[in-house]
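K.L.:
Letter by letter, the chains look like this.
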Amino acid sequence: MAFGVSTFILALYLALLVLALIGRGQNLTSRWLFLLRGFFPSWRFFDSPGYQPRLFVRALLKNDQWTDWAQFIPRASFKFSDLFFNPENNLQMTEQTLIDHLCLDLQALPESQSAETLVSYVLTEKIAGNFILRNVNESELKAYQFEIRMLPGLNLEESESVILISPIIKEIYHVS
Amino acid sequence: MSLEIASRLFSSCLALSLIIQSIEFLTLSDSAEVRTKWAWSVQRGDLSHANKLLRGFFDFIFCDSVHLVHLLLRLFVAVSLFWGITFYSGIFLFLSTVILLIRWRGAFNGGSDFMTVVTVTGLLIVVITSHFVDEMQAWTAALWYVAIHSVTSYFMSGAVKLLNSQWRKGTVLIYFLDGGLYGPLSKNSLFRKPVIAILSSWAFILWEISFPLVLIDQQLAVYFCAIAFLFHLLVFRFFGLNRFVWAWTATFPAIIYCSGQF
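If you read the protein sequences in the order shown, they are chains L and X.
Heads up: the first sequence runs through residues 11 to 186, numbered per this note's numbering.
Heads up: the second sequence runs through residues 1405 to 1666, numbered per this note's numbering.
Chain X extracted, bound-state conformation (with noise of 0.2 Å):
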């Protein structure tokens, strides 16, 4: 895959992720309930430590009508990644996450909100380090970031799984999977049946602990991203978590692109 092809996947698919994103924070934010419950003047308690001047920023920030304008734009500027990136747009999205994030107490949807962050990350990167070096080299580090973030990911969640007797045995994912969203499992589910827990648990921990492998090959890596968006998609049935499809699906051209390059 080469660098030009890459990057545009890479800000594409990005893009669809962040538009999801905006588009469910709009809806949010139009909730009378949720403006209730997770009110700004509650929540801004977490800020007491900060100075005077930033709790006045945030509150500027996060008062009903800037927050609206914040997401529309937000929204528009996603949309434009479609046709490129620049300067402005890799640091506003950057900015606008982080603000997000405080705005959501560290995390909105958690590993996907941490995922978004690398992503975002990965433009601040490229707008930045272009005006030191060339385009080219820009793109390359900041796909190098991304994958590496991503593939480590994958490693981190097969490693602790496989240092847990209770996942080994595949118990712990008849556990969790009860707990789902979309839970709990029927009661003649496939997944209740102790060797099929115990098949699918150690081809998750396997499948997960060997992701590192991709920067060996880039058709491995195809294969591997492949299977990720099925892991994804099957996290999703159980778990509802559809931020984590698009927010790990955007990091695929990076780890594609990067793979075999040794």
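In isolation and in its complexed conformation, chain L is listed as follows (with noise of 0.2 Å):
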């Protein structure tokens, strides 16, 4: 009966999932195939412990000293009730995609353009303002600064590298 309709459909699912994984294994360049990706699932989770981009922010105090680099990392204390509401967790895994996706952007920069010209570069920089209000006391702050470093994972052999550096902040973002 609806077997000929379940036959089509899994006949295109399956041409469209061999194009989807051959397409998944290399970064999405296409801007439309990037915002749309939800229909190109990889189903990849957890699958590579190699090199994980990771953001740092410093500040600069009133003092003129600055604070050690500290690591943005999403964290949170446990609560069943995340379960059914848990939009600030989310959120904070959502910013450290961000960061995976300038990492890729910066890799595609043409060196002619900078980093400061792309999306994830201006959104990376109010995370890290945001982050950095979060850790030290706002009339203390004069600036700020961050840098994206490549951590090995669990690739022992290979060693920490910072990938980008960014000017010295002095505009912080207020939330009203």
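Keep in mind the hints are simulated off the structure, nothing from the lab.
Here a beta-carbon is modelled for each residue, glycine too, at the ideal position from N, C-alpha and C.
Worth double-checking, as some hints may not be accurate.
In silico lysine-lysine, BS3-like type, Cα no more than 30 Å apart, as pairs [claimed, not checked]:
1. L:LYS152 to L:LYS180
2. L:LYS136 to L:LYS180
3. X:LYS1456 to L:LYS136
4. L:LYS72 to X:LYS1456
5. X:LYS1591 to X:LYS1573
6. L:LYS136 to L:LYS152
7. L:LYS89 to X:LYS1456
8. L:LYS180 to L:LYS72
9. L:LYS152 to L:LYS72
Coverage of chain L stretches by chain X, computed from C-beta distances (three or more under 8 Å per stretch; other residues unrestricted) [to be verified]:
10. 45-56
11. 77-88
12. 105-119
13. 145-155
14. 174-180
Quick partial rundown of chain L residues pointing at chain X, CB under 8 Å, derived from the structure [what the hints assert, rightly or not]:
15. ARG41
16. LEU70
17. VAL129
Build the complex from these two chains, which are given one at a time in their own frames, with help from the hints.
P.N.:
Written out as structure tokens, the structure reads:
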């Protein structure tokens, strides 16, 4: 009865799956494909313990002293109610994904183009500014700076490297 | 499981998933901090390649008041799924999901968004194909579409782990659990014991790659889906991925319905 429709859908799906698997093995360079990558899921969860891009931020205090670099890492205390309502923590994880995307954008960036023109860079700058405001008293804050480091993950023979260091940023994003 | 029960359960589980997502989005849209950090005025740069009309459309859709109305409407339509699906609700939920993907640069919560796309595409298949074939055939096609994606997700997830020697040795499990939202693991956590880490890793890998077996027998599918639910709860416990629990649970009625039909 429904065999015809099901078979057609199945065949179409398998063809798309093969294309998606080939395509998702590479970084998505097309803007539309990037924005609509939800239609081409790779389902490769927790597959790579290799290099991990991480955001580090430091503050310049009013006394002209720099704080230590602090790592932005999504962390929370466990609550069972998070199972039904977890917006803040999901947002933190989205922000870590943004750092991953900034890293990919930087790798694909032509030499003639500044990182500051990237959407992912501008959003990261805002997240870094917000992060530092949570760690440093605003009245003591003069400016801040962020960098993206590649942490080696389980590649113990590799070393940590810095792939981006921002200029010193004096504009603090206030939340009204 | 009859087609009617499967389609009802699918719609209801999907409703629950979409309601949770919509309430979370509504909460975030109300936050001044989020509006500052994730300002559309910056993100619209992602659409610099699009034509002026389309950019104008998204500027309109993502202005605060329209975005709020969109999310409220999405919540309302998600609730209506408990009573069934209409042509307009199916189309709306599909388009609304695409719009939210663009708002969050392709995904807000990775895999759970991707599975949500799969399930709302299932709704789209129902409302469109039921214009050409009878409703039973439309639902059959939709449930098969969702079931195959869901089964594939488990299989692929297990396969990539199987191909990784560090997963096979159990070291990756500890590494990822330490990096989880609710991490790091305590110093005396059971997972730090190499034997436990190896056994757990192999249990996940073997269970995931054997998932396509559910299509052989309905009883087997029920067991696998029950284990899958516990698995997602475990993932939530360590990584805080609550949306994954509900997005995948919505696919279980489709898996159980499609199993044992060969």
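K.L.:
Using a Cβ cutoff of 8 Å, are there at least 3 residues of the region 174-180 of chain L near chain X, or does the coverage claim fail?
P.N.:
violated (count 0)
K.L.:
Could you grab the alpha-carbon distance between L:LYS136 and L:LYS180 and see if it respects the 30 Å cut-off?
P.N.:
Distance ~12 Å between L:LYS136 and L:LYS180 Cα, so the pair holds.
K.L.:
Straight-line Cα separation of X:LYS1591 and X:LYS1573 no greater than 30 Å?
P.N.:
Holds, because 20 Å separates the two Cα atoms, which is no more than 30 Å.
K.L.:
Given L:LEU70 as an interface hint, is its Cβ closer than 8 Å to any Cβ of chain X?
P.N.:
Hint on L:LEU70: violated, closest Cβ of chain X at ~21 Å, above 8 Å.
K.L.:
Regarding the pair L:LYS72 and X:LYS1456, is the alpha-carbon distance no greater than 30 Å?
P.N.:
violated, 45 Å
K.L.:
So if I understand the rule, the pair passes when the alpha-carbon distance is 30 Å or less; does L:LYS152 with L:LYS180 pass?
P.N.:
holds, 7 Å
K.L.:
Please check whether L:ARG41 passes as an interface residue: C-beta within 8 Å of a C-beta belonging to chain X.
P.N.:
holds, 5 Å
K.L.:
Three residues minimum, CB to CB under 8 Å: does the region 45-56 of chain L make the cut for coverage by chain X? Let me know.
P.N.:
holds (count 11)
K.L.:
Would you check the hint for L:LYS136 and L:LYS152, treating anything up to 30 Å between C-alpha atoms as holding?
P.N.:
holds, 16 Å
K.L.:
With the threshold set at 30 Å, check whether the alpha-carbon distance from X:LYS1456 to L:LYS136 stays at or below it.
P.N.:
holds, 27 Å
K.L.:
Check, residue by residue, whether the region 77-88 of chain L contains three or more positions whose beta-carbon lies closer than 8 Å to a beta-carbon of chain X, and give the verdict.
P.N.:
Coverage by chain X holds here, the residue count being 6 at a Cβ distance below 8 Å.
K.L.:
Examine the region 105-119 of chain L for residues whose CB is less than 8 Å from any CB of chain X, and state whether their number is three or more.
P.N.:
holds (count 4)
This entry does not satisfy hints 4, 7, 13, 14 and 16, going by the numbered hints stated previously.
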